[in-house]
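Asker: Taken in order, these protein sequences are the chains called A and B. Those letters in the first sequence? Residues 1 to 233, by our numbering. Those letters in the second sequence? Residues 1 to 233, by our numbering.
Read the hints as simulated data drawn from the structure, not as lab findings. Incorrect hints may have been included.
Said to hold, decoys possible - Derived list of chain B stretches under chain A, where covered just means 3 residues or more per stretch with a C-beta under 8 Å from a C-beta of chain A:
| no. | region |
| --- | --- |
| 1 | 157-170 |
| 2 | 195-202 |
| 3 | 205-216 |
Since the structure is predicted, the reported quantities are computational estimates derived from the model, not experimental observations. The C-beta atom is built at its ideal place from N, Cα and C for all residues, glycine as well.
2 protein chains.
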Amino acid sequence: MESKKASASLIASTYFTSLSEVNGLVCNSEPTRATMNQREQQKQATRMALSEAAIDLFCEHGVEATRVEDIAASVGVTPRTFFLHFPTKHAAAFPDHEERVQSFIASLDELSAVEHPIEALKQTVLAGIRTITSSSLRRKRYQLLRSIPEFAGIDIVHDLDYEAAIIDHLTTPASNSGPVSADEMFAARNTASSILGLSRSALTTWAEFPDFDPVRAIEEGLDALLLKPSECR
Amino acid sequence: MESKKASASLIASTYFTSLSEVNGLVCNSEPTRATMNQREQQKQATRMALSEAAIDLFCEHGVEATRVEDIAASVGVTPRTFFLHFPTKHAAAFPDHEERVQSFIASLDELSAVEHPIEALKQTVLAGIRTITSSSLRRKRYQLLRSIPEFAGIDIVHDLDYEAAIIDHLTTPASNSGPVSADEMFAARNTASSILGLSRSALTTWAEFPDFDPVRAIEEGLDALLLKPSECR
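I would like the entire structure built from these sequences, with the hints used as guidance.
Answerer: This is the structure we're talking about:
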């Protein structure tokens with residue numbers, strides 16, 4: 001069997017690489033921030049500025065009417081620089097997927113050292129949702145997802161990477177207790193896909209209805225989905 | 001607002017068309033079987049035979065090692081004929097997605113005339129799952145989905161079409177009772193994505209574990225997800 005941790009987060013990248021699309025998205029997780037020199041930091045800043053500009057222009061004028069030239073110009077770089085960061089116009093709307101999956105996995109691992117695995121999962125999911133909902137840029141992106149089928153498709157393929165990470169988390173026991181049974185595997189898969197579906201549903205509704213509170217909705221949904229740690233010890 | 005029924009089942013086709021990939025998949029829902037002449041029937045039979053051969057060969061030799069020439073030869077047609085049916089090798093593994101979504105929507109509509117909408121939804125989902133699980137070819141395809149990230153990506157994008165159909169079904173009231181609220185929209189989205197996640201989890205586990213019963217798992221999961229009709233009237 002291949003390494004579980006290694007297999008997580010490869011789904012979206014393999015999918016997109018083999019479609020020869022948006023493959024530039026997933027190459028930016030190294031080096032980590034701690035070891036990043038000034039030049040790398042500048043590169044990262046340009047990448048994020050291009051992404052913000054792209055999302056703003058997509059929302060304002062539509063994706064079709066937005067040219068790579070416009071995105072590049074609004075950040076003060078050339079189209080050539082844009083294409084050093086992103087293979088396509090659409091890819092600019094998803095600049096940090098791989099980084100975010102890696103930090104999701106790191107959080108699950110860290111919290112599992114001090115918390116019950118289910119509690120670690122809840123805290124990690126909620127922290128991720130709070131990061132998203134504190135950003136007006138992310139809200140704009142969810143509005144784009146709602147209106148542009150291609151973006152919705154990219155987003156749900158990305159969700160497979162989080163699903164894989166949660167399945168790994170739930171099926172990797174602290175002690176060696178033998179192979180995972182069919183029922184355990186099904187339960188882990190169903191929990192993972194339900195958490196992603198819950199998050200997607202709440203964030204899409206948040207993009208549509210200004211007064212909807214996605215964090216509360218996801219908290220309540222997670223409580224319904226997941227047994228309390230005290231109930232499963 | 002655009003027509004809800006018209007918007008259902010457009011997500012995957014728009015996504016793939018704009019990726020210039022597998023767009024041949026979604027052009028085959030007309031004419032219906034009732035009006036299909038002999039030539040159309042022959043065309044449809046060839047399409048399904050090519051798909052079966054492709055899935056068999058993918059399972060036996062792997063996707064990379066299978067050539068379009070091999071698939072065509074095993075059905076007794078030329079590669080040119082293959083490409084009249086499918087734009088890519090991978091597309092042959094998904095020959096009838098659009099047809100299946102249309103029949104899913106038709107079943108929801110028909111059953112809603114005589115059943116509570118939740119009961120209509122349950123029956124439609126279970127009928128679909130029974131069709132899938134009675135086919136050894138479908139099982140092979142789920143085994144491919146597990147092992148090939150690109151196929152998993154195509155499959156989950158297809159799920160968006162079923163999600164859209166379920167959301168339409170749940171948010172289209174029998175009488176005109178005003179616009180859908182944020183909470184109602186969130187509940188419909190969460191129910192739809194949970195049903196698709198449940199189905200995908202059960203079918204993926206079925207492909208991995210021969211003794212796992214996906215119909216039972218999905219029946220139990222649907223009962224937990226959906227209120228009984230008597231509870232929501």
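Asker: Each hint needs a verdict: does it hold in this structure or not?
Answerer: Going down the list of hints, with the structure as the test:
1. 157-170: That given contact holds, which follows from 3 residues of the region 157-170 of chain B lying within Cβ reach (below 8 Å) of chain A.
2. 195-202: Coverage by chain A holds here, the residue count being 6 at a Cβ distance below 8 Å.
3. 205-216: holds (count 5)
This entry satisfies every hint, going by the numbered hints stated previously.
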